[in-house]
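Enquirer: Model the full assembly from the supplied sequences, consistent with the hints where possible.
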Amino acid sequence: MPNAFIRRRGTIAVAAVALATAAVCGGQAASAATTAEPVSTPVEIRTPDGLLMSYIVNARIANPGQTLVVEAAVEAAGGVVVQSWPQIGVVVAHSKVSTFRADVVAKGGNAVESVGASRTVAVTEGTPEAVGASWGRGAADYMKGAKKAWNGDVEADATPADGTDPREAEQWDMKMIKADQAHAITDGSRNVLVGVLDSGIDADHPDLAKNLDVANSVNCSDAGRPSTTGWEPTTSDHGTHVAGTVAAARNKVGIVGVAPNVRLASVKVVNDDGFIYPEYAVCGFVEAGLKHMDVTNNSYYVDPFEFYCEDQPDQYAAKEAVRRAVTWSTTQGVVHAAAAGNSAHDLADKSSFKDTTSPDDQPTPAGYVTRTLNSGCEDIPTELDGVVTVSSMQRFPAGTMDSRLSAFSNRGLGKIDVAAPGSSILSTIVRDNGYGTKSGTSMASPHVAGVLALMKSVHPTWTPAQMIEKLRQQADDKACGTATAGPVCVGPVEDNSFFGEGVVDALHAVS
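So the sequence shown is residues -29 to -1, 1 to 482, counted in mature numbering (1 follows the signal peptide of the UniProt record, and there is no 0).
Take the hints with a grain of salt, since some may be wrong.
[As the list claims (entries may be wrong)] The list that follows gives simulated cross-link-like pairs (lysine-lysine, DSSO-like), each with its CA atoms no further than 30 Å apart:
| hint | residue 1 | residue 2 |
| --- | --- | --- |
| 1 | K149 | K409 |
| 2 | K223 | K149 |
| 3 | K181 | K409 |
Source of the hints: derived by calculation from the structure; they are not laboratory data.
Expert: If you want it as structure tokens, here you go:
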């Protein structure tokens, strides 16, 4: 995957959607981070006539009426409405018209808050020829959806099983977060559903099949439109590995996940080329809310930018759409865990490094732009408010239960919520329905998603805000340490730039 790791603390909004107040200039948001900071390096996204491009158009007010106006403006400007999310006032459009961005504002007037291209290359998925029947396709279809029923076998909730699985002894990571002790109390509830926003989950893996909720799985990689087909992995086993850490079943086969009795939904947001475009992520978060998932795991950053900057119009529009989707799904009761990233950056000080890998959907790295960043540039979704941001730890010294920050892990005072194991993690893979190790903050985040699933199992009435507060309070404090080389850790033992409020604790979550 191009972004192979595939915000931290902020008050979770209680309104349906908190719209940004940035002014619209030529149909594109023109917001600045602060006057004291440098402007981020511009990235031009060329949209010549005849090239099929994908756009995000955000309504000024998130309601069905305003969204209908935006849809009409898209069509009047020579575009096709691919997907519409009236819950959050976001429309995904395709167009071959070079002036589409300005034209849609001219046609939509005050109804349009922002518009931007969602990638730097032409659309490869194709454009739907007619209005689809899937819920959320158009504002006129608003409120026609319904929660799907789970089709799996009903089992007793929160009942730890006897015995161990063959490779459980190799799972040092589970011991480090006390998941093995938590399992003596509960393996989780079948009422809890975890959405794995990733590259798909292997449906016939013996450690995953029992827990996979097929009815609530969805594919969002077809231009950002939800589909009940195509959610299994095609070119990557990343999502399968993540899913195993969250909820590999206790079945005397292979390994055991953090929450081995909860259900998993595959929410595919990665296309066959390995990209997670903004419209895919928006679809994933909204579908998580529509399907009343309890937890999502997000081990990725949204392509094609490692950091989306508020003062760049195209990037702003995409970031605003993802932000709305995260906020709306949170109001539906979904709590989100996300990987901090694998670039060894200090997320609290964007002036300390440059983004050298964006936009990553260019045919060759020669298309990358070395970008100066400011505080309005964020890695999404992990830096969005209300998302649990997870850094990665490795065992050190080897073979012990001691740990340190993984060398690749992003960090940042006030950015990291909690830490979890992420180096050389054993989990499920697609090949031969087997098992393998992977490293990354991608592997750390699902430990936290699993702990949140256990927490929800024993506290079913807790809101996302309550769960995040308790997760942070219950984490085991971890001091910076005394390393003499590498990045500098700052902050007290209770909350520092490497580990946030500490190592996530599964036992406390269920106690």
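Enquirer: Hint by hint, note whether the structure agrees.
Expert: Here's how the hints hold up against the structure:
With a C-alpha separation of about 21 Å, the suggested pairing of K149 with K409 holds against the 30 Å cut-off. With a C-alpha separation of about 20 Å, the suggested pair K223 and K149 falls inside the 30 Å cut-off, and the hint holds. The suggested pairing of K181 with K409 holds, with an alpha-carbon distance near 23 Å, which does not exceed 30 Å.
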